[in-house]
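J.: This is what each chain is made of:
2 protein chains.
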Amino acid sequence: MSANLSDQAGSESRSTRQIQAQIQTLGKRARKAARLMAAAEPGDKNAALFAIAEALVANKDSILAANARDLRDGRDKLDRALLERLELNDQRIEQMAEGLRQVAALADPIGGITDLNFRPSGIQVGRMRVPLGVIGIIYESRPNVTADAAALCLKSGNAAILRGGSEAAHSNQAIAACITRGLTDADLPADAVQVVETTDRAAVAAMLHMPEYIDVIVPRGGKGLIEFVAEHAQMPVIKHLDGVCHVYIDDHADVDKAIAIAVNAKTQRYGTCNTMETLLVAKSVAEKILQPLSQDLHQAGVELRGCERTRKLLGPSIKPASDADWAEEYLAPILAVKIVDNMAQAIEHIETWGSHHTDAIVTENVTRARAFIRAVDSASVMVNASTRFADGFEYGLGAEIGISTDKLHARGPVGLEGLTSLKYVVFGDGHVR
Amino acid sequence: MSANLSDQAGSESRSTRQIQAQIQTLGKRARKAARLMAAAEPGDKNAALFAIAEALVANKDSILAANARDLRDGRDKLDRALLERLELNDQRIEQMAEGLRQVAALADPIGGITDLNFRPSGIQVGRMRVPLGVIGIIYESRPNVTADAAALCLKSGNAAILRGGSEAAHSNQAIAACITRGLTDADLPADAVQVVETTDRAAVAAMLHMPEYIDVIVPRGGKGLIEFVAEHAQMPVIKHLDGVCHVYIDDHADVDKAIAIAVNAKTQRYGTCNTMETLLVAKSVAEKILQPLSQDLHQAGVELRGCERTRKLLGPSIKPASDADWAEEYLAPILAVKIVDNMAQAIEHIETWGSHHTDAIVTENVTRARAFIRAVDSASVMVNASTRFADGFEYGLGAEIGISTDKLHARGPVGLEGLTSLKYVVFGDGHVR
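Top to bottom, those sequences are chains A and B.
One point on numbering: in the UniProt record's numbering, the residue at position 359 of the first sequence is 359, and numbering is uninterrupted.
One point on numbering: in the UniProt record's numbering, the residue at position 225 of the second sequence is 225, and numbering is uninterrupted.
If you're looking for bench data, these hints aren't it; they were derived computationally from the structure.
In this text, all values refer to a predicted model and were calculated from it rather than measured experimentally.
Here a beta-carbon is modelled for each residue, glycine too, at the ideal position from N, C-alpha and C.
It is possible that part of the hints are untrue.
Some, not all, of what chain B presents toward chain A, calculated at C-beta under 8 Å [claimed, not checked]:
id, residue
1, G133
2, V216
3, F228
4, K257
5, A260
6, N264
7, A375
8, S386
9, F389
10, F427
11, G430
12, V432
Heads up, simulated DSSO-like pairs for lysine-lysine below, C-alpha to C-alpha not over 30 Å straight-line [stated by the list, open to error]:
id, chain 1, residue 1, chain 2, residue 2
13, A, K28, B, K223
14, A, K319, A, K257
15, A, K223, B, K32
16, B, K283, A, K32
17, A, K223, B, K28
18, B, K60, B, K77
19, B, K223, A, K283
Quick list of simulated restraints, FRET-style, between CB atoms [as the list claims (entries may be wrong)]:
id, chain 1, residue 1, chain 2, residue 2, range
20, A, G224, B, S121, 25 to 35 Å
21, A, D251, B, A65, 55 to 65 Å
22, B, A105, A, Q299, 57 to 67 Å
23, B, G271, A, E348, 40 to 50 Å
24, A, E348, B, S13, 29 to 39 Å
25, A, N342, B, A65, 48 to 58 Å
26, A, R85, B, Y270, 53 to 63 Å
27, A, P320, B, Q234, 27 to 37 Å
28, A, R119, B, Q299, 21 to 31 Å
29, B, E364, A, E212, 51 to 61 Å
30, B, Q345, A, R17, 31 to 41 Å
31, B, E351, A, R75, 45 to 55 Å
32, A, G271, B, T184, 44 to 54 Å
33, A, R17, B, E364, 45 to 55 Å
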């Protein structure tokens, strides 16, 4: 169905029920497909990934036509940044296809058995990596997520139900057609990846309320979407909330490294979750570091907001930082700066105000580095490296479905492994207790 | 406080608020203690475990006196099985102490870094095993859980808030005093393990609603408790629901092994979650297996409930099995029996009616074994071994906090590793992107 049910005023509860029934049907099909996918051969999964890539390139024109329709529909409703993210072109379609081929090239994560050891009883116990089952992904604007998420779910032997934003509905359906084509070409179940057609919000609620058909939900998008999903989902959620990342420049920091890392962590990209939002500097090196660093940041167009000591050092032209600044994920050319007495105070600040995403220390002192790494309770903790490295590709995961700020299951960048689980396998020869 | 606030009629909302405030206070203390515990040396944690063991033995008399009080209070309210689980004696206290010493002897799970590899960018990326933070444990009747759970949380560098059942309140407090003593003796924070004193149910609700202070909840007890916790907890839950375990006897089974495994899986203990509840037998071997097996089970006092074909084979004295039987966790000397056409039908039955806990195949055929292991989506899948082996000690985990039927994070028997998470650690030398 392609009609937007939210437009059918006056019969809302009826249409809501219809949508629930549709989503339930997708769920049942996904559950069935998941069992076939769990047993699929690595070669068949890779063949499907290559076939989808081929279909994307072959159907470039129809994808671009669908995308043009979304862009036209969004022209008056969406801001420039959103339109930019929505837009596809030859290069972006080629990138999507290349992404699929790269996922095909990754090692197959499924079915491997590790730690298969004999126990005193005589049984042999190991753990086998297996798919989670059905993954629900709820995302916004970027149509390339449709292809990326499908690729990761497929490679990891899961079935997927994808629900993109209404603003990209036509683009997503055009990409979905290529995915179905690729799955069918490789003799894998077409229902292994289903893209929800209706753009009604009731579809999201329906997905969140069927734990019998969806094993885990991955929301990708703005904070509002993620909080909504986390609050209402009846199944586990792999989610990414704030990225309030810190760089702490220690007494024993190398000045050149410190400045290079701080500039890179703040300015390489402003809108990413692993961008530094607060800089902490040990007071013993504050003058030496902050004088040149503030000039570099100023030149890059970054606004500084400082604690009292920072303002005393750099002058009253620096805006004062309030508690709200310590908690803020700016996602913009703004940096909060605080001078601390020592590492303990820096760690205290990070644990109090941070979001447990990514935090770094710059130091030449190995004892400090060891202590910082132990004490900071974040998904990624770094020594002498830019926070911008916290990323699935940089970590060697090959691809990522997101970055998790949860502690259980997947933590930090989530690649194929995060879409799998380990079950115990036991081999005996008639063994009993 | 030791007064039972639920008895103070007429001021319920006020007392509820008081309890919430008390539990919040425990939460704040636990969060603080968790940071110290995360950095605690293995030697100090082990010293605390030994000191707690010593305190339990040294204070045996006061523990037994407290337990006698619980037994007296419960005499008219609790059934015999519950009273039996509640009762402590010299031997059980010695077992608790021995359990603590065994946990001390396990390898320390915290701080180890694995997979520390160089990336093309020049950074080195690895994963460090770290505690989860604060573990909340809500349990019923058995006072030994107080010591067992405390030991596992302590060894894994977490802080714990333990909430035992009201029927064991005095026993739990006596054990708690020993835990506090042991922690203090080893110079670890006494708040690392806190036992909730109030027996009011409002304390449970208060725990479930403070995700800022409790990182994960582990409910241990009856299904009602676990479902209540899973529904209301605002933090992740490591939970164990049903154990509807199957043994499938394949066409290619060795008859002697099949009978030995089936008898053991059903009769070694009736009340455990890894006990077989349904037996599936391939029709080609049904007569050969079921005739002698039914006699063995009959002698052991097990009631059989069979499908039509089973009743045709064994006679109408066998009760008919309904759909409700396939879904039932009897926890009793009752076994449902079904004759299936082939392995595919057995797997279909397990996936339809099972609880994804533990399922076994008995076969000499390696292709069947491989296919069964891949297709059955359970926490433990076994070949030629009794389902009764699904247990943390048998698997070599050293100890277990429970058996998880969830797919995310911990699956199957949960030992120390289930109470930890992995964070990424990155080492550079001034590296930027």
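J.: Output the indices of the hints that this structure fails to meet, ascending.
T.: 3, 19, 29
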